[in-house]
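> Next come the chains, spelled out residue by residue.
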Amino acid sequence: MARYLLRVNGERHEVEVEGDTPLLWALREELGLTGVKYGCGVGLCGACTSHVDGQAARVCSRTVEDSTKAKITTIEGLSRDGDHPVQRAWRELDVAQCGYCQPGQVMAAAALLARDPDPDDAAIEEALRDNVCRCGTYPRIRAAVRRASRIMREAR
Amino acid sequence: MIDRRTFLRGSGVAALVVAVPVPALAAAGGLTPNVFVRLDAAGRITATVPRPDTGQGVRTVMALMVAEELAVGAEDVALEQAPGDTEKYGPQTVANSTSVRQMSVPIRTAAATARCLLVTAAAQRWRVAAAECAARDGAVHHPRRGRLPYRALVPAAAALDPATVPVELTPPQRWRLLGKTRDGRVDARDVVTGRTRYGIDARPPGGLVAVVARPPWLGAVPATVDDAATRALPGVVDVVTLNAPADGQGGVAVIARKTHQALRGRDALRVTWQGGTPEADSRAWLADLEAALPAQAPVAGVQRVFRMPLLAHAPMEPMNATAHVTADGVRVWAPTQDPGGLRTLLSRQLGLPAASVRVEVTASGGSFGRRVEPDPVLEAVACSRRAGAPVSVLWTRVDDMRHDSYRPMSVHRLTAEVDGAGLPVRRAHEVVTWPLTVLPAFGNPALIRASGDHFPYTVPGDVSVTVRPAPLRTGFWRAVYAGQFLYAEECFLSELGTRSAIDQIALRRGLLPADSRLHRVLDAVADRSEWRKPARRGTARGVACHEDYGSAIAVVAVAEPGSRRVLRVHAAVDVGVALHPSGVRAQVEGCVVDAVSTVLGAQITVRGGSVVESTFGDYRWSRIGQAPEIDVTVVASDAPIGGLGELAYPPAAAAVAAALAGGAPVTGMPFGAEVG
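Protein sequence lines, in the order shown, are assigned to chains A and B. According to UniProt numbering, the residues represented by the first sequence are 1 to 156, in order. According to UniProt numbering, the residues represented by the second sequence are 1 to 676, in order.
Don't read these hints as lab results, they were simulated from the structure. Cβ coordinates follow ideal geometry from the N, Cα and C atoms, glycine included. You may find that some hints are simply not true.
[To be verified] For the chain B half of the interface with chain A, some residues (derived, Cβ under 8 Å), not all of them: (1) Arg125; (2) Val225; (3) Ile624; (4) Glu629.
[Stated by the list, open to error] With beta-carbon atoms standing in for the labels, derived distance ranges: (5) Thr68(A) with Glu80(B): 40 to 46 Å; (6) Arg176(B) with Gly32(A): 37 to 43 Å; (7) Asp81(A) with Val221(B): 48 to 54 Å; (8) Gly32(A) with Gly625(B): 32 to 38 Å; (9) Val225(B) with Glu14(A): 36 to 42 Å; (10) Pro155(B) with Thr68(A): 57 to 63 Å; (11) His13(A) with Ala152(B): 57 to 63 Å; (12) Leu233(B) with Asp81(A): 38 to 44 Å; (13) Glu11(A) with Ala450(B): 55 to 61 Å; (14) Glu80(B) with Glu11(A): 29 to 35 Å; (15) Arg565(B) with Asp20(A): 54 to 60 Å.
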C-alpha cells in the first residue's frame with residue numbers, strides 16, 4: 001500500500017492503495033465515484049469510460065500509479081448541474097433503458113464532440129464502437145449525439 | 001375497492017355515500033390511504049414502486065400513473081422502491097412481461113383513492129357536492145369556492161374512511177400524461193450524471209468485497225483448497241468454500257477489504273477440482289438433440305431443420321449482491337427481478353421469520369431473465385455469515401459469461417404439406433430441447449410447448465416436444481422458448497413463400513383467421529416500410545409477426561445480404577392502451593438489437609467442459625455500427641393493456657434472418673455460422 005495523489009474532477013485526492021490497483025476501483029471505492037461503472041475490467045465494454053487528459057479512456061485498464069500525472073474527469077465531473085449538451089440530449093431523446101452503460105456512452109460522446117463538434121454517423125459509430133449497450137439503445141444514442149452537436153452549435 | 005365502486009355506481013347510490021371521519025386512519029400528519037401512495041403534511045406525494053426496474057421502465061410508468069390520477073406532473077411524484085414483501089405489495093416478480101399489465105389497475109386505483117379523499121375533504125369543507133369539485137395541479141378546485149391545495153386538505157382527507165369514498169379512475173380520454181409521447185424516463189437525470197445506484201454500488205459501512213473462484217469446467221467441485229498465498233496478501237480477510245445449492249453455484253470465495261485485493265487473492269488461490277463433465281462439448285450436445293428427433297415426421301412435404309445455439313444473458317451490470325447477516329436477521333441489497341421470492345427463500349433457508357429478512361431492491365443494469373435467480377444473493381449471505389460483516393459479492397464479466405443460466409439449445413424439424421399454389425395445408429413442428437433447470441416445472445414438455453408455440457395461422461398440424469436432460473444450467477431468456485419456436489416457424493413460412501413466389505405479407509394475411517389482431521399490425525408495417533414498392537437493388541426484406549402477452553406485433557427488416565448488414569427494421573405494435581409510448585418503442589428497439597446480435601453471431605459454445613466465450617470481445621453482441629435504423633409504430637388500440645418486454649424479440653429475429661438470407665433458406669442461428 002502506498003499513497004498516491006490523483007487529480008479528479010478538478011480536485012486533488014490522496015488515495016492509499018496498491019499501486020497496481022486499476023484506476024476504476026480507486027475512483028469507485030476510495031473516492032466514491034460510483035458513476036464510473038465496472039463492466040468487464042479489460043477495456044472491452046466501455047462502461048467505465050471517463051476522460052483522462054481530455055481523451056476518452058478505459059479507467060479499468062490503467063493503474064493508479066500510472067495516473068498520478070493525469071487530469072481525470074468522471075461522469076460526476078462532466079458538468080456542474082447535469083446539463084452538459086450531451087446529458088441534455090440524452091434526456092431529450094429518452095435514451096436510457098437500464099442506464100448502466102450510459103455514463104460511459106455520455107463520456108465517450110462528450111470526448112468525441114470536444115474534438116469533432118459536428119461528427120457524421122461514421123464518426124459517431126467509430127468513436128462509440130466499443131461502448132456496448134446490452135439494452136440496444138444504439139439508435140437513440142446516434143440521434144442523441146447529433147442532437148448534442150446541434151445544442152452545442154446553437155449555444156455558440 | 002373496485003368491486004365496491006362498481007356496486008355503488010350500479011345501484012345509483014354513489015352520491016348518497018356519507019364519508020365518516022375515522023381518526024384512527026390519520027397517520028403522522030400525512031395521508032396514507034394504501035401502501036402505494038402517500039402524501040405528507042406538506043402535500044408532497046411519494047409513490048412506492050412494487051416491482052423492480054431492470055431497464056424496462058416500471059418506475060416511469062409508476063410515476064406517470066400516480067401523477068395522472070393525482071392531477072400533478074410526473075416530477076411531483078417522489079419514488080421509493082419497495083423492499084421484497086408480497087403480502088404487503090402483491091406480486092413483485094418481473095417476469096413474463098407482466099409488470100405494467102398487472103400494476104395498472106391497483107396503482108391507478110391507489111392514487112385515485114388519494115385524490116378522491118382529497119376531493120371529498122374539500123367538498124366537505126366547502127359544503128358542496130364532491131362532483132362539483134375537480135383536482136388539478138396539486139389542488140382541488142371549485143367553480144365558485146376557489147382552490148384548496150392538497151397540503152391544506154391532507155389532515156381532513158386522512159380522517160376519512162377510504163371505504164366510504166367512491167373511487168373513480170380517470171378515463172383514458174381525459175389523460176394528460178399516460179399515453180402521451182413527450183415524457184421520458186423519470187430517472188434520466190440520475191442516469192446521465194452517474195447518480196443511479198445499482199446493485200454494484202451498494203456498499204454498507206464496514207462492508208467487504210468477495211469474488212469467487214468458480215468451477216473451471218461444468219459441475220466441478222473443489223477437491224483441495226490451498227489458500228496460504230491468498231491469506232498472506234494485503235486486505236484479504238477470509239477464504240470460504242461455498243457449497244451448491246445452499247450457497248449458490250458453489251466455489252471458493254475470497255473476502256477482502258477492496259475489490260482489487262479480492263481479485264488478487266482469487267488469482268493466488270490453489271484449488272484442485274473434481275467431478276463434473278470436463279469433456280463436455282456443445283457440438284456433441286447439438287448432435288444429441290438432433291439424434292433425438294423422431295425417425296419420421298408425422299407429415300410429408302417440404303422440410304427444414306433448424307439448429308439453435310446457447311445464448312447468455314450478459315447484462316451490462318454483472319451479477320452481484322450484498323448481504324449483511326446479523327443476530328437479528330439478514331438484510332440484502334440486490335439487483336433482482338424477484339424480491340418477494342428472494343425473501344421467502346432466505347426466510348426458509350435461514351430459518352428466520354419473514355419479518356427478519358429485508359430485501360432492498362436496487363436499480364438493475366439489465367437482466368433479460370437472469371435476475372429471477374437467487375445465486376449471487378446466496379453467495380453474499382454465505383460470505384457475510386462467515387465474515388460477520390456486510391459482504392458484496394462481485395462477479396467479473398468472465399464469471400458472468402461462463403456461469404450463466406443459458407438459453408437452451410434446440411433442434412426444430414418443420415414439415416409442411418403444401419397445396420398446388422404452394423400454401424401450407426398441414427404442418428408438423430418437432431422440437432428437441434432441454435428444460436429450464438432454474439425452474440424444474442419447465443421440464444414438462446407441455447409447459448415448454450405453451451411457452452414456445454404461438455403459431456397464429458389456420459394451418460392444422462402437430463407440435464411435439466422431446467425433452468433431453470440439460471447438460472448445464474439453463475434459464476429464462478427474453479421471450480423464453482418462443483425465441484426458438486417462433487423464429488423457426490416464421491423463417492420456415494418465409495421459405496415456403498419464397499418457394500412459391502407468394503408475397504410474404506399476403507401469405508401471412510391469407511393464413512391468419514379473419515379476426516386476428518395481426519392483420520392491423522401487418523397492414524401498418526406494410527405502410528411504414530413501403531412494402532408495395534420493390535426492394536432496392538442489393539437489399540432484401542423479411543417479415544414476421546407474433547401475438548403473445550396480450551399484444552401483437554409485425555416486423556419488416558431490410559438488409560444488404562452481400563455485406564451482412566441490417567439497414568432498417570420497421571415494427572408496428574398493438575399493445576392495447578400504450579401508457580408510455582417512448583417506453584413501448586424502447587422495448588421494441590431493444591428486442592430488435594437483440595435480434596440483430598443473435599442472428600449475426602452472438603452464441604455461447606462449450607469446449608473441454610467450459611464455456612469458451614468470456615467477454616463482449618468474443619460474445620459478439622451488436623455494437624452501435626451494427627444497429628439498424630429502427631422505426632416503431634404504436635398502433636392505436638383500445639384493447640386492454642398488453643405486455644411488451646419480450647414480444648418483439650422472436651419476430652424481429654425471424655425477419656432479420658429472412659432479410660439477411662435474401663431468399664435462401666434459414667437453418668438456424670447465428671446466420672451462416674456453425675451452431676455449437
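> Each hint should be assessed against the structure and marked as holding or not.
Each hint tested on the structure:
Proximity of Arg125(B) to chain A is violated relative to the hint, the smallest CB-CB distance being about 40 Å (cut-off 8 Å). For Val225(B), the suggested interface contact is broken, since its CB lies about 24 Å from the closest CB of chain A, more than 8 Å. The restraint placing Ile624(B) at the interface with chain A holds, with a minimum CB-CB distance near 4 Å, inside the 8 Å limit. Hint on Glu629(B) holds. Least Cβ distance to chain A is approximately 6 Å, under the 8 Å limit.
Against the hinted window of 40 to 46 Å, the Cβ-Cβ separation of Thr68(A) and Glu80(B) comes to about 41 Å, which satisfies the hint. Here the CB-CB span from Arg176(B) to Gly32(A) is close to 39 Å, well matched to the stated 37 to 43 Å. The given range of 48 to 54 Å is respected by Asp81(A) and Val221(B), whose C-beta atoms sit roughly 53 Å from each other. Distance hint check for Gly32(A) and Gly625(B): the Cβ-Cβ separation is about 35 Å, which falls inside the suggested range of 32 to 38 Å.
Val225(B) and Glu14(A) have their C-beta atoms about 37 Å apart, which keeps the hinted 36 to 42 Å range intact. For the pair Pro155(B) and Thr68(A), the supplied restraint of 57 to 63 Å holds, since their beta-carbon distance comes to about 59 Å. The beta-carbon spacing between His13(A) and Ala152(B), approximately 48 Å, falls outside the hinted interval of 57 to 63 Å. Between Leu233(B) and Asp81(A) the Cβ separation comes to about 42 Å, which falls inside the hinted range of 38 to 44 Å.
Our hint of 55 to 61 Å for Glu11(A) and Ala450(B) holds, since their Cβ atoms are close to 58 Å apart. Take Glu80(B) and Glu11(A): their Cβ atoms lie about 32 Å apart, and the range 29 to 35 Å holds. The given range of 54 to 60 Å is broken by Arg565(B) and Asp20(A), whose C-beta atoms sit roughly 42 Å from each other.
Checked against the numbered hints given earlier, the structure breaks hints 1, 2, 11, 15 and satisfies all the rest.
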